[in-house]
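S.K.: What follows is each chain in one-letter form.
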Amino acid sequence: MTRRSWGWHLLMVLILLVLLYPVGWLVSASFKPAEEVLAGLSLLPSHPTGDNYTQVFAGVAGYSVWHYFANSLVISVGAVLGNVVSCSLAAYAFARLHFRGRGPMFGFMLSTIMLPQHVVLIPQYVIFQKLGMVNTFWPLVLPKFLATDAFFVFLMVQFIRALPGELDEAATIDGCGPVRTFRYVIAPLLRPALITTAIFTFIWTWNDFFSQLIYLNDPGRFTLPLALQIFVDQTSQSAFGPMFAMSVLALLPIGLFFFAFQRYLVEGVATSGLKG
Amino acid sequence: MTQAVLDRPVAPERAVPRRRRAGQGTGYLFLSPWLLGVLVLTIGPMIASLYLSFTDYDLFDAPRWVGLDNYATMFTRDDRFWHAAGVTARYVGLSVPLKLGLALAVAMLLNRARRGAGLYRSAFYAPSLLGASVSLALVWRAMFSTGGTADRVLAAFGLDTGGWVDQPQFALLAVIALAVWQFGAPMVIFLAGLKQIPKELYEAAELDGAGALRRFRSVTLPMLSPVLLFNLVLETIHAFQSFTGAFVVSSGRGGPSDSTLLYTLYLYQRGFTDFRMGFASAMAWVLLVVIGVLTALLFRGSRRWVFYAGESR
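Sequences listed follow chains A and B, in order.
Here full-length UniProt numbering is used: position 191 in the first sequence is 191, and no number is missing along the way.
Here full-length UniProt numbering is used: position 74 in the second sequence is 74, and no number is missing along the way.
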């Protein structure tokens with residue numbers, strides 16, 4: 001290696017250390033006894049302990065951490081299913097089918113990407129309240145089945161447009177209607193876009209705080225982020241250890257997804273501008 | 001197969017309109033989830049929230065029409081509203097440029113392709129995923145509290161600021177730091193843009209005797225300007241809607257002394273703690289208008305500095 005390349009690597013590693021310090025700090029804090037958590041900069045606990053985790057598994061606000069974990073999981077998996085199915089259907093229509101009003105509707109779909117959710121928040125809340133769905137998982141999952149995440153529709157439209165039109169024509173000549181063309185030709189080829197959508201939907205839903213805060217108010221229905229937040233407000237500084245143990249558990253699936261799919265994630269951001 | 005097709009006597013001039021008519025129905029069929037969603041969850045609620053913004057509504061009794069009262073209260077009598085707007089302006093004005101600046105700088109460093117660049121790229125992106133979580137907001141709260149890591153590091157440099165999140169003049173900076181830490185997503189987009197710039201441009205510039213700074217100003221920036229605009233618009237819209245970081249750091253109160261009371265946080269308090277849904281709706285519409293106007297201004301202003309390759313001027 002040349003001298004310049006050494007310097008470059010040194011700089012990169014330095015940036016990396018600063019960036020990942022908070023994450024390392026979190027993991028280390030989760031193994032520290034309560035009185036040590038805030039006491040030092042050291043990333044290594046002087047007396048490592050698993051007590052924090054034992055305490056979290058024993059229960060927070062009357063429920064084991066697995067209970068919140070399961071709630072988060074149900075909502076995230078439901079959201080993934082909804083987005084993958086509904087967004088791909090809409091994208092196929094916008095990209096390949098001809099019908100009246102397609103242009104204006106596509107334009108409107110694009111503009112909803114920029115629409116702040118606060119504008120529709122309160123009437124949506126009223127709707128779900130009238131349907132008796134507040135304090136259930138429905139308000140968090142149902143909208144995903146109605147292709148409300150326009151970003152993913154757009155992502156898939158772009159992807160389908162890049163597929164050669166001859167494929168559809170060949171399928172038509174072979175006697176396939178649009179339904180079977182979608183099922184047997186487009187959907188399989190769309191897989192990379194579907195995977196990107198699935199991963200991002202999972203992570204975003206898992207991390208989501210605002211909608212869950214608004215729609216869920218019974219501790220039995222709480223997701224991990226809500227349980228964490230409530231936990232913080234209910235406890236004093238002495239419970240910092242268990243709080244960080246729970247934080248680590250909440251980040252675990254995101255970390256695993258990141259390691260498993262970082263290629264898809266980074267490519268997805270680079271090509272479509274999906275953020276984080 | 002071929003035989004069957006040939007056997008059927010279909011007049012080609014009739015087949016086309018019939019197929020197109022069939023396409024109409026299928027088109028709407030495929031679009032039906034989206035159409036339903038747009039009508040019931042977007043357009044309907046938009047109209048409803050505009051109406052609610054002219055009413056007094058507590059979620060339990062029927063909305064009572066009050067005309068422009070909510071807007072008038074907001075603009076003339078509600079100090080916290082203006083305060084929240086100011087906090088948000090400071091938040092957006094500081095976090096977006098810092099984040100984009102850092103993203104561009106690191107992207108340019110990474111673009112000098114060396115071994116391991118892909119690995120660094122992925123690692124730098126990680127905070128963009130983790131940072132949106134309550135977990136990391138809690139870490140921030142602990143690190144920037146009195147006696148926390150940031151406090152100690154700054155003290156070691158002789159800057160005794162005390163815990164940031166407990167002090168009105170510093171608390172927002174901690175929230176901004178959390179946002180800037182997530183520079184990975186715009187960085188990846190910048191990196192993709194940098195890869196598109198033809199190497200010949202740099203070689204030609206170098207032959208003409210352009211130094212590094214001049215090459216950045218005359219080649220990199222113009223060629224990257226569409227990507228820069230894209231990131232700028234998206235991050236600005238994003239920043240205006242920030243919520244989790246400030247909420248968690250201040251336990252939902254926006255404190256200390258309202259110093260982290262972001263606009264969305266105040267909207268949430270008005271709607272879901274005070275049950276003033278009409279007022280909250282009015283706030284949402286003001287937010288929409290501000291974001292809309294700002295986006296339009298960014299696009300309009302960009303005509304002066306965004307350069308699209310292949311477009312003569």
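Just so you know, the hints here were simulated from the structure itself, not pulled from any lab data.
Any given hint could turn out to be false.
[Claimed, not checked] Covered by chain B, per the in silico footprint, the following chain A stretches (three or more residues, Cβ under 8 angstroms):
no., segment
1, 22-32
2, 239-250
[As the list claims (entries may be wrong)] Every beta carbon over 10 angstroms from chain B, so not counted as near; a handful from chain A, in silico:
no., residue
3, 64
4, 66
5, 67
6, 77
Keep in mind the model is a prediction, meaning the values are calculated, not measured.
Ideal Cβ placement from N, Cα and C applies to all residues, glycine included.
S.K.: Decide, hint by hint, whether the structure agrees.
M.R.: These are the hints, each one checked on the structure:
1. 22-32: Coverage by chain B holds for the segment 22-32 of chain A (5 residues, Cβ < 8 angstroms).
2. 239-250: holds (count 6)
3. 64: It holds; residue 64 of chain A is separated from chain B by about 18 angstroms at its closest Cβ, greater than 10 angstroms.
4. 66: Holds, since 17 angstroms exceeds 10 angstroms.
5. 67: Correct as stated: the minimum Cβ-Cβ distance to chain B is 17 angstroms, above 10 angstroms.
6. 77: Per Cβ check, residue 77 of chain A is outside 10 angstroms of chain B; nearest 18 angstroms; holds.
When held up to the earlier numbered hints, the structure conflicts with none and fits them all.
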